[in-house]
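Q: Below, each chain spelled out in residue letters.
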Amino acid sequence: MTDAAMSEDNTPKELEAALEKAPETEAVKALPIKVRATDVNVFYGDNHALKDVTIDIPEHRVTAFIGPSGCGKSTFLRCINRMNDTIDICRIEGKIEIDDRDIYDRSIDVVQLRAKVGMVFQKPNPFPKSIYDNIAYGPRIHGMVAGKTDTDEMVEASLKRAGLWAEVKDRLAQPGTSLSGGQQQRLCIARAIAVSPQVILMDEPCSALDPIATARIEELIDELRRNFTIVIVTHSMQQAARVSQKTAFFHLGVLVEQGNTEQIFTNPVDKRTQDYITGRFG
Amino acid sequence: MTDIPANDATNDAEARTRTREAALIRKRYRAERRFRMYGLAAILAALGMLTVLLVSIVSAGLPAFTTTQIALDLNFDAGDIDPGGSRDPAKLASANYRGALLKSLRAEFPGSETRQGRRDALNMISNNVPFVMRDMVLADPFIIGTTQRVWVKSSADIDQLAKGSIDRTLPESDRRVDNRQLAWFEKLEREERIRTVFNSTFFTTADSREPEQAGILGAVIGSALTLIITLLLSFPVGVMAAVYLEEFAPKNRWTDLIEVNINNLAAVPSIVFGLLGLAVFLNFFGLPRSAPVVGGMVLALMTLPTIIIASRAALKAVPPSIREAALGMGASRLQTVTHHVLPLAMPGILTGTIIGMAQALGETAPLLMIGMVAFIVDVPGGFTDPATVLPVQIFLWADAPERAFVERTSAAIMVLLTFLIMMNLFAVLLRKKFERRW
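Note that the protein sequences, when read in sequence, are chains U and R. Take the first sequence: its letter number 37 is residue 37 in this note's numbering, and every next letter is one higher. Take the second sequence: its letter number 124 is residue 124 in this note's numbering, and every next letter is one higher.
Wrong hints could be hidden among the right ones.
[As the list claims (entries may be wrong)] Over the 12 Å line for every Cβ pair with chain R, so calculated as not near, a few chain U residues:
| # | residue |
| --- | --- |
| 1 | 52 |
| 2 | 55 |
| 3 | 69 |
| 4 | 126 |
| 5 | 211 |
| 6 | 227 |
[To be verified] Facing chain U, from chain R, some residues (calculated, C-beta under 10 Å):
| # | residue |
| --- | --- |
| 7 | 250 |
| 8 | 252 |
| 9 | 321 |
| 10 | 323 |
| 11 | 342 |
| 12 | 343 |
| 13 | 344 |
| 14 | 401 |
Calculated from the structure, these hints are not laboratory results. The beta carbon of each residue, even a glycine, is placed where N, CA and C say it ideally should be.
Could you build the full structure based on these sequences and the hints that come with them?
A: In structure tokens:
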């Protein structure tokens, strides 16, 4: 969070070059760490939902969390932008740092944190307002736009980056809920990137979509990682393999294994990972 | 089913199972038909009772919307009205119109020279006729000294006679109209000097001792003023309470206790709120008696739980995904509520509020306790003027002995029901228009 650069391109030039050349698997290690979680424990009342999770999430890469239902992957995801704060009985221990600053520190304002760590949810949840207002909402409340032309440009840029502009440019005044499921989800992604976050969290973004819409979202994710750090929770292992460079496998609240996606899927170290990937449970 | 070849025993068993199954299915269908019939019967019974209620009220109340007038030759006698001939408006305003009227009556009604006859003649017409004459003179002083044929309001008894509510065949002692009046009336009828017109007085005046001069405007205005106070107090407080409890309050023992108590408050008999208002607002704070401001405060207390409960239900119905979306965008909780949750819940909140207001409009008991049951002949001009409200007006008229107040009671009920139906209709339309937009 050193530079609050909201420009399209916050990737350094040399990094960009490295990204183009280097094979994905090797690039992971070379990249700086965006999010660093250390010994994170989460409790829902008496239920110990996450146990000692320690993970580094590299910048400008897609990190996938996989695991069977109820394993805590979504819970962990929601810790990264403190969405769990809204649940009364939820208690979080440990340390999560973004750019070396503890996000659970008293000095961190949760509202600003969430502007920097955007989120896309499982079910597309556009506001019941116009497409235009859906995109413009975030920049407006954060004071990032002044005047109509400014907002117009911002809406257009966000929709273009989410690959939705061509489909909706003639009906920006229509309600966001009138779009198809896949379009709604891309609208939600456009809404998230409109406030120029640094990290985008995606909680099973394709689980409610058909294969074609899913493919479009996956393409989009791959494009977005140039400018954003993306963390995605998914139930589909193929999806994790397709879109991510780093994969973490959760089971029963424990982070069992993490590593380069290729390694996790071809050569898992842990027996449980292997069993899950080969479809023996989960 | 097994692969064993069928023999008689298994065939028998299968047949028995089949018949048992068939019987069971028939029984299930019978039970369903019976259940539907019960439901239908219940609805018909409810509709029947509603019809009886409405028909009886409408048939009793309709005559109140018309009134009887008599054409009288009024002698604007210069000697009574303007003895000096000065045409001074101040003097004309306080002149002896009653004397002029009595002279006219003596000419109109033969046999009204005696004391008893004069009383009979005066009882033919409404006692506001001298004021009608004064207003005519003040509007046009040149009619002094002339005789004008004027349609004046008949007395309530004559009105009842004209509408057929008084049986002319009854013996004189059992009749509100004596034989002399009946003879005068029949003569006027023959001369076509009796007519029935729309009773605009009913909608333009406040209460009166004389049924023919009594109207509901005072009560309607009183109700409106009271409801304005109720709405201004209970809507913001109720919505704020609901928003806080639903969106901000931690879920703990205290909020549970508050919730239980709000629900209990909704079940408190309304007269208790009246006693509370009497003790606190009138006796402790010394607010004016019979005033809409106090009535509104009492009804606001009564309406609060309704609005809080309805608003909480409306807020609960907004899907959590909307809140998550807003929070995930970096909206604060207040922004989430004011930008997204509250607008989506507003139709439900307004519906609840309208229904609460309708309840308050029909409430009588608490207002009796704070003196809104007083007899008030002026239309209230402000929130602190003495006033009465529609249901209390109905209560007052239902208590009045005059025959003519019976139809006015029913007519007032019709007006009240019209307002209530309109409010509920509005609530339904609102709900229909904004039904689930997500």
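Q: Any Cβ of chain R at or closer than 12 Å to residue 211 of chain U, or is the non-interface label fine?
A: holds, 23 Å
Q: Holds or violated: is the Cβ of residue 126 of chain U farther than 12 Å from all Cβ atoms of chain R?
A: Given a closest Cβ separation of 7 Å, the condition is violated.
Q: Holds or violated: is there a CB of chain U closer than 10 Å to the CB of residue 252 of chain R?
A: holds, 9 Å
Q: Find the nearest Cβ of chain R to the Cβ of residue 52 of chain U and say whether that gap is larger than 12 Å.
A: holds, 27 Å
Q: Would you check whether residue 344 of chain R satisfies its interface hint, that is, whether its CB is within less than 10 Å of any CB in chain U?
A: holds, 7 Å
Q: Against chain U, run the beta carbon of residue 321 of chain R and see if the smallest gap drops under 10 Å.
A: For residue 321 of chain R, the interface hint holds, since the closest Cβ of chain U sits about 4 Å away, which is under 10 Å.
Q: Do the numbers back the hint for residue 323 of chain R, that is, is its least Cβ distance to chain U under 10 Å?
A: Constraint on residue 323 of chain R satisfied, holds at 8 Å.
Q: The hint names residue 343 of chain R as touching chain U; please verify it with the least Cβ-Cβ distance against 10 Å.
A: holds, 9 Å
Q: Checking a non-interface call: every C-beta of chain R should be farther than 12 Å from the C-beta of residue 55 of chain U. Is that right?
A: holds, 21 Å
Q: Compute the least Cβ-Cβ separation between residue 69 of chain U and chain R, then decide whether it is above 12 Å.
A: holds, 19 Å
Q: Less than 10 Å between beta-carbons is the criterion; does residue 250 of chain R satisfy it with respect to chain U?
A: It holds, given that the least Cβ distance between residue 250 of chain R and chain U is near 6 Å, below 10 Å.
Q: May I ask you to check that residue 227 of chain U keeps its beta-carbon over 12 Å from the closest beta-carbon of chain R?
A: holds, 18 Å
Checked against the numbered hints given earlier, the structure breaks hints 4, 11, 14 and satisfies all the rest.
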